[in-house]
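Engineer: Next come the chains, spelled out residue by residue.
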Amino acid sequence: MNRRFETPRAAYVHVPFCRHHCGYCNFTVIARRDDLVDRYLQALAIELASLARPREVESLYLGGGTPSHLSPAQLCELLGRLREWFVPAGSFEFTLEANPVDMLPDRLGVMREFGINRISLGIQSFLPDKLAALERDHRQPEILRALEHVRGHVGNVSIDLIFGVPGETEDCWRRDLETLIAVRPQHVSIYGLTIERGSRFFGRVRKNQLKRLDDETERAMYLTAIDTLASAGYEHYEVSNFALPGFRSRHNEAYWTGRTYEAFGPGASRFVAGRRETNHRSVVTYLRRVMAGESPVAESEQLEPEDAARERLVFALRRIEGIDKQEFLAETGFRVHDLGGPALERFVAWGLLEDTPQTLRLTRDGLVVSDALWPEFLRQ
Amino acid sequence: MPSVDSSLIRNFCIIAHVDHGKSTLADRLLEHTGAVSQREMKAQFLDDMELERARGITIKARAVVLYHERNGNLYELNLIDTPGHVDFHYEVSRSLACCEGAMLLVDACQGVEAQTVANALAAMEHELAIVPVLNKIDLIQARIDDVTQEIEHTLALEAEQVLRVSAKTGVGVPALLDALIDRIPPPQGDPDAPLQAMVFDAHYDDYRGAVTYVRIMNGTVRKGQKIRLLRGATTYEVLELGQFAPHRRACQELTVGQVGYLICNIKSLENVHIGDTVSVPGDQAAPPLPGYKPPQRMVYCGLYPSDGQEFSVLRDALTKLSINDPSFEFTPESSEALGFGFRCGFLGLLHMEIIQQRLEQESDVDLVQTAPNVTYEILTKKGEMLHIHRPQEVPDSGDIEEFRQPVVRVNLLQPTEYIGGVMTLCQDRRGIQVRTEYLSPTRAMLVYDLPLAEVIYDLHDKLKSVTRGYGTMNYELIGYEPADLVRLDILVNGKRVDALSFICHRIDADRRGRAVVKKLKGEIERHMFEIAVQAAIGARIIARETVPAMRKNVTAKCYGGDITRKRKLWAKQREGKKRMKSIGSVDIPQKAFLAVLDTGEGNK
Ligand SMILES: Nc1nc2c(ncn2[C@@H]2O[C@H](COP(=O)(O)OP(=O)(O)OP(=O)(O)O)[C@@H](O)[C@H]2O)c(=O)[nH]1
Ligand code: SF4
Ligand SMILES: [Mg+2]
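Read top to bottom, the protein sequences are chains X and R. So for the first sequence, the working numbering puts the first residue at 1; every next one is plus one. So for the second sequence, the working numbering puts the first residue at 1001; every next one is plus one.
In isolation and in its complexed conformation, chain R is listed as follows:
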């Protein structure tokens, strides 16, 4: 490994809105600096998780070291590719804390979008040097001048500073490398001070145990030395250390400013806390670094094993996942209808979907998911403050002094021609307009305060359809506000199904109630008796549908050859029924528990 002095190190991350080409540009940098040979190269090289490749998006930030020679100096460039999706903004903020600079990528056709703004502002808050870059200039639809102007206008970055590249063709990459070296300051820090390193990520390797990702802030760490993780005050020996080049490459030491990994025979990821500080044992230890703000869970849902027996299998699977993904949390809960399971908190709906997919792929547990909801606050008449993670916990309306919901500030960016449609969309969801900003004569940003619940369910989809795909949004929690909310209960044959209760605005209650019972009617198969599906607020029924009794279900032919086939078919149906949840004598299929997501907007 070339010995590097810290004035030749540059640490930066690539930030952008989803799909603006971060990972593709990382490919070009890997290629240009020879980190990955042409033969090894594949598109979005750093997106190596199966789910990332399947979905074509980055989910987890990835660090990689590049070497670049210029004017006789060999520079070490530590690049972190970050995800663009709003749900994974947390990954971006962790990466920012390890860098002195950020490359802000903007798609020359799409222009400045919601995540562009959010990520750029976050980088500025971290006082990083920002290198703005226009990408996809190879496309004929590229609006180079307009978008440069948007960058200048919105983010107060100078137009002359904006570089132009194509991550597809590689045009502009050499000039980009020059700019990164010239504009991003080298890391500060004292190589001789006691070791102080930031743990910014970790993963588990079946053979080596925990692999801890660190950025050295001060001092040096060497192979064989003892280290201490300050938070747990646990001491380990460094068995291996190295850098990602892009695969793990061992070396003898990591010194100030460098980014790399430590392998210390840590048997479980539970012992590694993201945001922790690595130092040395004893009284020489450096002070702990500020660490990270814990990630904010925006959405909660219940996850239950459809077979009650599998509770502990599910718990193990969740534990394993949460270790690799500390932004997701879970606590055991129980429901009358669903038995024992877990209330899980996620960064957003995409995050929820991904966790669920991973659970199913990696653990083979068949899951029942309840509809996602946000956390509410209730001030009771007795003056108690309750945090409601699930609708069942809402007390009787007589005991409620004030019902509060989380409100987010949403930035919506779109071409000006769609402003009217987007405003209607926000007003329908009880949004309060904060301001309008024009990024350029043709693009505008609307800022609204909206209930989080309205935002997570479908605002993004609706925005896309109102703006023909051109609108983007980003949101940030700003606090809780009182609202006229009610809990709606769903009764199946007169029995309340706790897992189907949901919270909504009183004005929407009738519409939502009707939509949900209608949807449930479609999900519940006919039984041998009639089934009433009702929606109620307290004791008042507001909607009702009936699943008629089964009228005919009989196989005509059953001769010699049919016997085995029929027996197997019926036995299989029995297994299928076991996987449904029985409420009274009614079998409710798993996906019915998501029926409450039906907003009934179609029949408004």
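One chain only, chain X, in its complex shape:
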């Protein structure tokens, strides 16, 4: 009954290589070190071998970095290895994150051959100025060509867009959304640009060389996206995710609903047997450790049942349909209202949460300020 202890039916593989390290990015990324790819593939093979026997999975997700940055031969090796360890089950979802400029027929052929059935394209914008500000090397013609190629090979496409880029106006954003809807991918992820510690932009913001947009504009952009996509037939199902009916990301749903998942590669995080673990974020350290037969895990934490339940409460509330209270109690052993306490009542009274006998969910007002709610639901 308790999801925290079920055998994982999802797996994530982190491919850290990128052509260029974008200024806003603080992921586990390594640029211009393609010489490390072969060692990475060896290390990954060793790490995968720790599974001991092949696993049935309903979802396999290759994220990055830029998995599509690998050469066709390297991709072949990587995907081949994964298919040895993971056996598709149910309506298997096999996603690969890709850069538009990499979407050439040779690579796509390899992808299709190994069963990739969903491509997540890091397009970010269709506008040249915005792309330049984000330090991305593709422009609209490359994007359109990429989409054409992808659709020839893989039917299910997701597109990432970013809003709130320094210099961007609400009008720019509306144009981006219009183009997006015209292209009509099955799935869309919308991200407000966050400039976190560890990215180059962070330093530039601190030195006042880069100016974040004000809250009011970002709020307007976010709400515009929600409304525009809804009227184009997309379901808003998580803070930043939208899908045409039947095309939600099953892999990500596993994260948000407290399911277990395996993970491999530098910086990758897994949730297995009630334990959260993260591999070392430095690619070089990861390689050294795995090659030396050591564990690549840098951080790990066994979650107490209550902490697991609280975490689940927060991440499940980020899903727009909210929490089924009965189901939550059955699966975690905790009542939503006991965990939320007076803070929850307050948020309901303020109109940030909507509480019905069956469900608890964010209202539209709650959604836009939701990060301010979560601290109240967690404990240290």
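By construction, these hints were calculated from the structure, which means they are not laboratory data. Among these hints, one or two may not hold up.
A short list of chain R residues far from chain X (calculated; beta carbon distances all over 10 Å) [as the list claims (entries may be wrong)]:
1. Ala1043
2. Asp1399
3. Gln1590
Here are some chain X residues pointing at chain R (derived, C-beta under 10 Å) [claimed, not checked]:
4. Met221
5. Leu367
6. Val369
7. Ser370
All C-beta atoms, glycine included, are put in the ideal place defined by N, C-alpha and C.
Fit chain R with the ligands to the supplied structure of chain X, relying on the hints for placement.
Structural biologist: Quick look at chain R with the ligands alone, frame taken from chain X:
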């Protein structure tokens, strides 16, 4: 230990304005007399408290014994290095009572400054022999003749008597030692009379208990003997006694005129009162010495544990500190906004800052400090006299017959070219000019009576900026005077926050009120609702700002690897919020409680 007869003892302290080189000169004396070897020597050797070294100033007076041979006689010189900062003037006055002489140091570049005058006058009041010394003569900017003239002019000390040294190079130190021996009288007193010693300081040693610093006025104290502390009438056995050379060095006895320490298995410093008299038990006891005037607290502020649970931890920490520093006092108080805490009295703002820093370093309690204020007096319509240590205590204006504030006489010394600027500064603060004195053709002293509140907040900083760093000031409380004062309240979402109330002159109320609500607006983070921040006198709102509601706060990405990171981040924010003070549903960060210090002068 050489046996000393009191005609070979000289007791003196080094007094000066801040940074004129007292501690550095003490280094040279320690070196020259061999008290500290070259190898052990480090700059400002006697400033051994961590805070003193970090700030480069002396905070606590330090006594040390030096031996110097001259013409076949071995002299015992007891030197006390004192702090120069105005806040620690109390340390100086305690030291003066243990000495027959004072070395008055004057920086040859800076000249006579405010503390030079204040300390010299205090030494004269104690009838000490004053040895004036010009320091830093190695510097090319030294104005030897001018400054000698300033000394003569201001302090009526003869120019021929002024010695010249460099504490940096050691030039003039031998002649200085001669002058100290020749000009300072040996201590008086009867070695055979009953023991009478002045407790001028104490500190706590984790292994030995209280270490009591004494100056023997009459009689002799020996190891193993019984002594009595007259004030508490408590009797102890002397387990160890000795001198600071400069580290503790035990000996068998201390006799009349000598300065040293006693260790008597006193378990707590609470049993040692600075200014107390040490004598013998029984009816042979000597009469008590006059002791010290209690130090005058100039500034008060509230200190609250940000976590209410830590009240008793804070109390213990304050007790411990106040024992080592009797010039600081505290009493429990409570505030609607901040819960239980303490009202603490300090000698000045630097003292306040130092105590707070020590509390944080030594006890790990997270503190909320309220804005410093002075003590007011209110005569009520009923004829009662109230002493107001905190603004919340001010009664309704209808009940007030007279509102009085402390007034200080301030001496401001600066080059004559800045007189105009300094006068404007004082007039803006409602100062009343008392007189102007010219120390020399280029330096003048302005004397003003000013409200203490105006002086402590920022007068020193402002003086420094108006005079390009050349102005110095010193002040002394002269009494209370009626003034047109009001209490300003701050309301957050309509609720009065008692800890944010403050007292100011009616004429300044609008400006201060506007400045404070503006500052608070910047300190309070956006909430999920709009927050009104208002300033009011009684029921009349005089200023308002609005903290708009949060408009967007949502993390876009939350995938597998983000979950742990985000959970920890949010949990930490919750801890951070716990440390803020909640007024209604509004979280007010700790430093907002200092917002009332914003005078709004920039927007005058
Ligand atoms: N050039 C030069 N610098 C000196 C001399 N004496 C002291 N100084 C410098 O002046 C500064 C202040 O010296 P201190 O000895 O700390 O002054 P102080 O009077 O003890 O200061 P407080 O105890 O804080 O009042 C230090 O930077 C010393 O190095 C001197 O004779 N010549
Ligand atoms: S944003 Fe994407 S492409 Fe750019 S560095 Fe990060 S992972 Fe690589
Ligand atoms: Mg000093």
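Engineer: Going by Cβ atoms, does Gln1590(R) stay more than 10 Å from chain X at every point?
Structural biologist: holds (18 Å)
Engineer: Hint check: is the beta carbon of Ser370(X) less than 10 Å from a beta carbon of chain R?
Structural biologist: Holds, because the Cβ-Cβ distance from Ser370(X) to chain R comes to roughly 5 Å (cut-off 10 Å).
Engineer: Go through the hint on Met221(X) and say holds or violated, using the shortest Cβ distance to chain R against 10 Å.
Structural biologist: holds (9 Å)
Engineer: Holds or violated: is there a CB of chain R closer than 10 Å to the CB of Val369(X)?
Structural biologist: With Cβ-Cβ at 5 Å, under 10 Å, it holds.
Engineer: Hey, is Ala1043(R) genuinely clear of chain X, shortest beta carbon separation above 10 Å?
Structural biologist: holds (37 Å)
Engineer: According to the definition I'm using, a residue is off the interface if its beta carbon is farther than 10 Å from all beta carbons of the partner; does Asp1399(R) meet that for chain X?
Structural biologist: holds (39 Å)
Engineer: Does Leu367(X) meet its interface restraint, that is, does its C-beta lie within less than 10 Å of any C-beta in chain R?
Structural biologist: holds (7 Å)
Hint violations for this structure: none, all hints satisfied.
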